[in-house]
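**Student:** For reference, the chains in residue letters:
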Amino acid sequence: MTEITDFLNSSGLTNLDWRAVVMVLVGLGFMYLAISRDMEPYELLPIGLGVIIANLPLAGMALFVPGEMGHQESGIFGVVFHYGLSFWNILPPIIFLGIGAMTDFSPVIANPRTLLLGAAAQLGIFVAFWGALATGLFEIQEAAAIGIIGGADGPTTIFLSAKLAPELLGITAVIAYSYMASVAFIQPPLMKLLTTEKERSIVMRPPREVSRAEKLLLPPVAMILIILVVPRSAPLISMLMIGNLFRESGVVPRLANTASNELVNIATIFLMITVGTQLSAERVFDAETIVILALGLVAFACGTVGGLLLAKLMNLVLREKMNPLIGSAGVSAVPMAARISHHIGQESDPRVYLLGHAMGPNVAGVIGSAVVAGVFISLL
Amino acid sequence: MTEITDFLNSSGLTNLDWRAVVMVLVGLGFMYLAISRDMEPYELLPIGLGVIIANLPLAGMALFVPGEMGHQESGIFGVVFHYGLSFWNILPPIIFLGIGAMTDFSPVIANPRTLLLGAAAQLGIFVAFWGALATGLFEIQEAAAIGIIGGADGPTTIFLSAKLAPELLGITAVIAYSYMASVAFIQPPLMKLLTTEKERSIVMRPPREVSRAEKLLLPPVAMILIILVVPRSAPLISMLMIGNLFRESGVVPRLANTASNELVNIATIFLMITVGTQLSAERVFDAETIVILALGLVAFACGTVGGLLLAKLMNLVLREKMNPLIGSAGVSAVPMAARISHHIGQESDPRVYLLGHAMGPNVAGVIGSAVVAGVFISLL
Amino acid sequence: MTEITDFLNSSGLTNLDWRAVVMVLVGLGFMYLAISRDMEPYELLPIGLGVIIANLPLAGMALFVPGEMGHQESGIFGVVFHYGLSFWNILPPIIFLGIGAMTDFSPVIANPRTLLLGAAAQLGIFVAFWGALATGLFEIQEAAAIGIIGGADGPTTIFLSAKLAPELLGITAVIAYSYMASVAFIQPPLMKLLTTEKERSIVMRPPREVSRAEKLLLPPVAMILIILVVPRSAPLISMLMIGNLFRESGVVPRLANTASNELVNIATIFLMITVGTQLSAERVFDAETIVILALGLVAFACGTVGGLLLAKLMNLVLREKMNPLIGSAGVSAVPMAARISHHIGQESDPRVYLLGHAMGPNVAGVIGSAVVAGVFISLL
Amino acid sequence: MTFDQELIRQGLTLTAIGIATAFGLLIVMMVLIYLMGWATGIPARRAARARVAAEAAAAESRDRALAAVAAVAALSRSGEHAEPTT
Amino acid sequence: MTFDQELIRQGLTLTAIGIATAFGLLIVMMVLIYLMGWATGIPARRAARARVAAEAAAAESRDRALAAVAAVAALSRSGEHAEPTT
Amino acid sequence: MTFDQELIRQGLTLTAIGIATAFGLLIVMMVLIYLMGWATGIPARRAARARVAAEAAAAESRDRALAAVAAVAALSRSGEHAEPTT
Ligand code: NA
Ligand code: NA
Ligand code: NA
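Listed in order, the protein sequences are those of chains A, B, C, D, E and F.
To get my numbering, take the position in the first sequence, counting from 1, and add 233.
To get my numbering, take the position in the second sequence, counting from 1, and add 233.
To get my numbering, take the position in the third sequence, counting from 1, and add 233.
To get my numbering, take the position in the fourth sequence, counting from 1, and add 25.
To get my numbering, take the position in the fifth sequence, counting from 1, and add 25.
To get my numbering, take the position in the sixth sequence, counting from 1, and add 25.
Be careful, since some hints might not be right.
Take a look, some chain E residues computed to stay more than 10 Å from chain C by CB distance [said to hold, decoys possible]:
id, residue
1, Gly36
2, Gly43
3, Ala47
4, Gly49
5, Gly62
6, Gly66
7, Arg74
8, Arg76
9, Ala78
10, Ala83
Reference excerpt, derived from the structure (chain B facing chain A, CB under 10 Å, subset only) [claimed, not checked]:
id, residue
11, Ile327
12, Leu449
13, Val463
Hints listed in this document are in silico derivations from the structure and should not be mistaken for laboratory results.
Beta carbons: idealized from backbone N, C-alpha and C, even for Gly.
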């Protein structure tokens with residue numbers, strides 16, 4: 234009857250330890266937040282499911298065994314992790330293609346100075362990067378991956394982590410998405426602290442109409458400019474701009490629709506579950522995780538502050554003042570951060586209508602983080 | 234003029250043998266059944282096409298040449314077979330994700346005792362397994378792959394065959410789908426033989442309404458429970474439950490739609506043609522094939538009998554009797570077996586309305602077979 | 234401060250040479266033609282984008298590094314080029330599956346003699362093939378890849394080039410698509426030169442109704458016949474016919490829709506950008522490119538002439554004369570060449586209605602080129 | 026029929042574990058689903074109980090109100106029945 | 026123009042086989058499609074023939090019926106023409 | 026806090042290049058977008074100028090026409106104002 238003992242030994246129950254149980258509960262928690270609190274459900278629901286299946290003992294769904302030994306041994310999410318992230322890193326660019334096909338750059342074109350706010354909000358990245366270095370716990374590559382959490386942009390965080398610190402990927406990605414789901418709690422106190430009631434009540438003129446020619450010119454111009462300066466940002470920036478040109482050209486609706494629907498949905502299913510599977514108990518139950526959690530919060534906070542303060546600074550020299558609340562949207566967290574700018578503005582004065590304006594720094598923040606990620610990759 | 238003789242020698246006509254001709258006719262036969270008889274067209278049409286292209290000499294569509302030698306030598310379905318089935322076995326889980334996103338577990342929740350019928354109908358698997366061992370023609374792994382035909386579930390059959398007996402995959406899968414397309418001929422005689430007119434006329438109360446909370450709880454609870462006990466069933470069970478949670482959560486409609494449409498369609502196109510290409514003449518023209526054909530029929534019959542008899546047995550102790558006809562739906566063959574239960578019931582008494590009730594054992598049978606497949610993988 | 238000089242050295246600006254600048258302008262030119270002139274936008278827009286990103290220095294999007302060294306070094310389009318084209322060559326067959334699911338073979342069935350025009354229009358392939366050999370610049374495999382431009386069929390050109398001359402793939406594919414986008418300039422002068430006003434005014438009876446049985450029989454019959462004679466045409470012919478049978482069977486609408494929409498769109502996005510990335514400056518700035526450009530034009534012209542002349546020849550023996558203008562549609566360039574036949578006919582006499590008739594040689598030309606490609610692969 | 030002892034033993038174990046696991050798991054799942062149904066029903070039942078209680082309370086206060094009204098009416102002989110809302 | 030004999034020979038063979046195969050296959054396909062059209066037309070033609078025959082038969086029986094009617098009518102001189110259905 | 030000199034230097038360079046590049050690129054992009062807006066506006070502005078000129082010309086010819094009409098009217102005292110089209 235060795236088979237019976239073998240079978241019992243090969244069951245998950247006999248191999249369960251308490252940390253895996255905690256992780257399964259964490260996964261269930263993410264699912265609860267996604268379903269009942271509607272917090273970033275497209276990321277936190279599949280991530281939660283990934284956390285659960287990765288922590289059920291011996292399920293092997295996240296295993297990747299290279300070479301001939303991999304015969305019938307690798308799990309589907311192990312394969313996706315290996316080829317989609319750790320080896321070729323091609324899944325984040327595919328997501329960016331879809332994001333490009335869904336993004337409207339009009340707010341940036343109508344009000345180009347909001348690009349600067351998108352740059353300022355990258356401050357959080359560098360603060361967290363130094364914080365991580367200061368702890369002495371992390372290599373400089375890991376510090377960069379932790380810093381990029383402050384970019385508040387999931388695929389960029391995943392892309393950079395897969396390049397520089399694949400062992401941290403699950404943690405940085407999950408923390409980034411968690412704080413993105415929580416910007417409604419993180420940003421408003423800082424926004425109210427750093428702005429006066431009068432500033433928050435500044436009414437901005439509605440953005441101007443943007444011509445088709447401008448929308449068509451932006452993607453190739455931005456793509457060529459940015460990739461010429463930071464070639465390593467190409468996987469993100471080129472795909473973002475290709476997707477956007479599919480959309481704005483109007484001549485390839487089938488490609489634009491597929492990029493922004495089926496393709497990005499398929500990539501999301503596999504990418505997000507796979508990200509979840511990287512949260513294994515042995516990685517999470519580590520002092521580092523708590524440190525990264527704290528640093529991520531610092532990063533989000535400093536990014537918010539950076540955007541707000543630059544907006545206030547620019548108001549000192551601008552004739553037509555802008556409402557500094559749109560500065561905090563520069564952290565990305567598209568589109569939640571822009572919505573928060575809008576809501577806080579409305580609280581001050583119902584005539585303050587910031588949604589359109591805040592989308593400017595919001596998408597600029599996506600570009601800014603991708604540029605910083607490219608710089609990190611170039612130098613590390 | 235060696236080129237001309239080379240060309241003639243490289244043509245299929247000069248390399249055709251009668252067995253390939255027969256196989257092409259078999260392929261055309263599957264296509265005829267799919268198109269004109271509407272028998273499982275989503276499987277038998279692409280399978281028929283796969284059989285044809287695999288048996289046209291030198292077409293090489295199902296060839297896979299590993300390593301550097303594979304340069305421009307492998308065929309597309311050879312590549313799909315290698316990576317999708319024989320090496321990583323990731324296509325059946327993708328199909329299960331889609332099935333999960335299309336399945337409604339309400340009938341199981343409304344009437345949980347039907348789960349037992351789904352377990353009983355796995356009897357056919359073990360009878361065919363012993364039958365295969367008894368012939369002395371098959372290894373124990375092959376016997377398991379033959380037995381699983383009785384699970385009446387295509388992706389499970391393909392998944393287990395790819396693991397344990399890839400050389401039989403084409404045959405077991407095609408036989409499973411063929412009998413699934415034929416349940417309307419296989420099951421009714423047994424159902425009438427083993428039940429009395431009075432039993433067939435038992436009217437069941439319509440299933441109760443199921444709450445959203447129950448639908449949301451079932452997938453994670455079932456997933457965790459089953460994978461804890463049989464970790465090797467994870468590739469099927471976890472994907473089924475993930476797909477179902479995408480559907481029931483209601484917060485990720487894009488993912489649920491993509492999983493149940495484009496993704497499963499793309500996987501079906503490639504998987505089913507590829508399964509067809511595994512039916513090469515040299516494998517099919519073998520005494521073993523006839524034996525497997527017979528064992529598959531035994532498996533379907535015994536599964537049907539198992540479900541029916543347990544239903545009758547349960548009626549001995551249940552206060553509220555169930556109509557034993559729903560027992561035969563436990564073999565899976567979703568949704569045909571459930572429809573047959575319904576039709577035979579209606580023949581006895583038009584007030585007998587079994588469709589909703591029979592879907593319970595029907596989906597339970599899917600879970601049951603996946604569990605048994607997991608046990609086989611654990612122990613073989 | 235070595236990092237700063239490193240960073241500057243790793244930027245594209247310091248590595249830019251004038252030829253790359255020219256190529257970026259060429260890419261922008263393709264995009265302009267696609268967007269503003271609506272010339273083959275589904276090919277020339279992504280191709281133009283691919284040309285740009287491949288010529289921005291150090292972006293590495295088209296790089297493929299084999300083996301373990303490829304860790305985080307390969308670009309997404311390098312991976313697609315390697316596995317989709319140069320190694321397995323599976324992307325063109327996937328496109329053919331979609332084309333099959335979009336093609337209506339009724340015109341061929343209604344008027345089978347138009348198949349001969351599709352054969353005659355392959356003349357251009359052989360003229361360009363001999364022209365390429367005559368220059369002494371090309372290997373015979375390269376000459377075949379250059380000749381196939383005359384097939385006026387993108388995926389066939391890509392498929393054959395990937396097999397026989399992968400270094401020319403970008404150039405042959407882009408030239409093929411460019412001339413396909415320009416048939417409205419290439420064909421009409423030749424059509425008017427070689428036909429009399431009286432011939433162009435021949436009114437043809439509307440094509441007969443085609444039965445469902447005929448539409449169902451054509452794909453398997455054509456597939457079996459062609460693959461038996463030229464097995465190496467299987468990757469293209471079998472996929473074309475499988476796609477068409479999905480469509481005509483009517484029993485697998487989900488598969489037909491997915492093959493002709495999402496699947497072909499996803500394949501097009503990746504294939505066309507990847508084709509564009511093969512147009513690197515070092516390959517294009519070469520005397521050979523000009524020669525291939527000229528040979529491609531010769532190929533299109535000779536294909537047009539071949540179709541026209543055979544139509545005139547057939548009229549000598551046919552009782553019911555056909556309008557020779559439909560001959561030029563035999564070059565493929567689906568559906569533009571057929572539309573041109575129609576328009577030139579209408580210019581001569583508004584009662585001349587050729588669109589339906591010209592689709593016959595048009596789709597026959599697709600089959601003809603795939604057959605010739607198969608012959609080339611068999612013998613080279 | 027060429028069985029060897031070892032094969033029979035292995036086959037038997039497999040069959041035993043397979044059937045036991047399939048039945049065992051589906052029985053546990055059945056029990057869990059019954060529990061889930063009971064547990065997810067708690068709020069509904071509590072709400073129902075609360076509603077019943079509230080209705081009872083309402084009925085009681087209505088009765089009292091009615092009694093009061095009746096008393097008032099009896100006293101005044103000129104009032105109308107007020108329809109109390111629940 | 027730098028041709029060597031071998032290259033010319035190879036090119037010629039390729040061209041010959043290529044053109045012959047393309048024309049040959051498409052001619053066979055043409056013939057098969059004509060055959061298919063003829064074969065799939067058989068049931069239709071048979072049905073048409075059967076219909077014609079049936080109509081002829083119907084017409085004949087109608088004629089007979091009419092004749093009978095006429096005869097009856099002639100006999101009775103008091104009936105109305107019955108419209109026979111086909 | 027365990028910093029070594031080299032790490033600080035590397036971190037500083039990274040931060041400097043990172044911030045400089047992000048701001049630099051987005052400032053250049055800002056400038057380019059302003060330029061784009063100006064450049065793509067040229068045809069529109071030219072059209073607008075042309076329209077203004079055309080309208081002025083039209084107005085002038087209308088004035089002349091009106092003057093002529095008025096003159097004619099004044100001469101004949103029996104005409105109606107013709108509505109000139111622009
Ligand atoms: Na950002
Ligand atoms: Na089953
Ligand atoms: Na062609």
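**Student:** Of the hints stated earlier, which fail here?
**Tutor:** Of the numbered hints, 1, 2, 3, 4, 5 and 6 do not hold.
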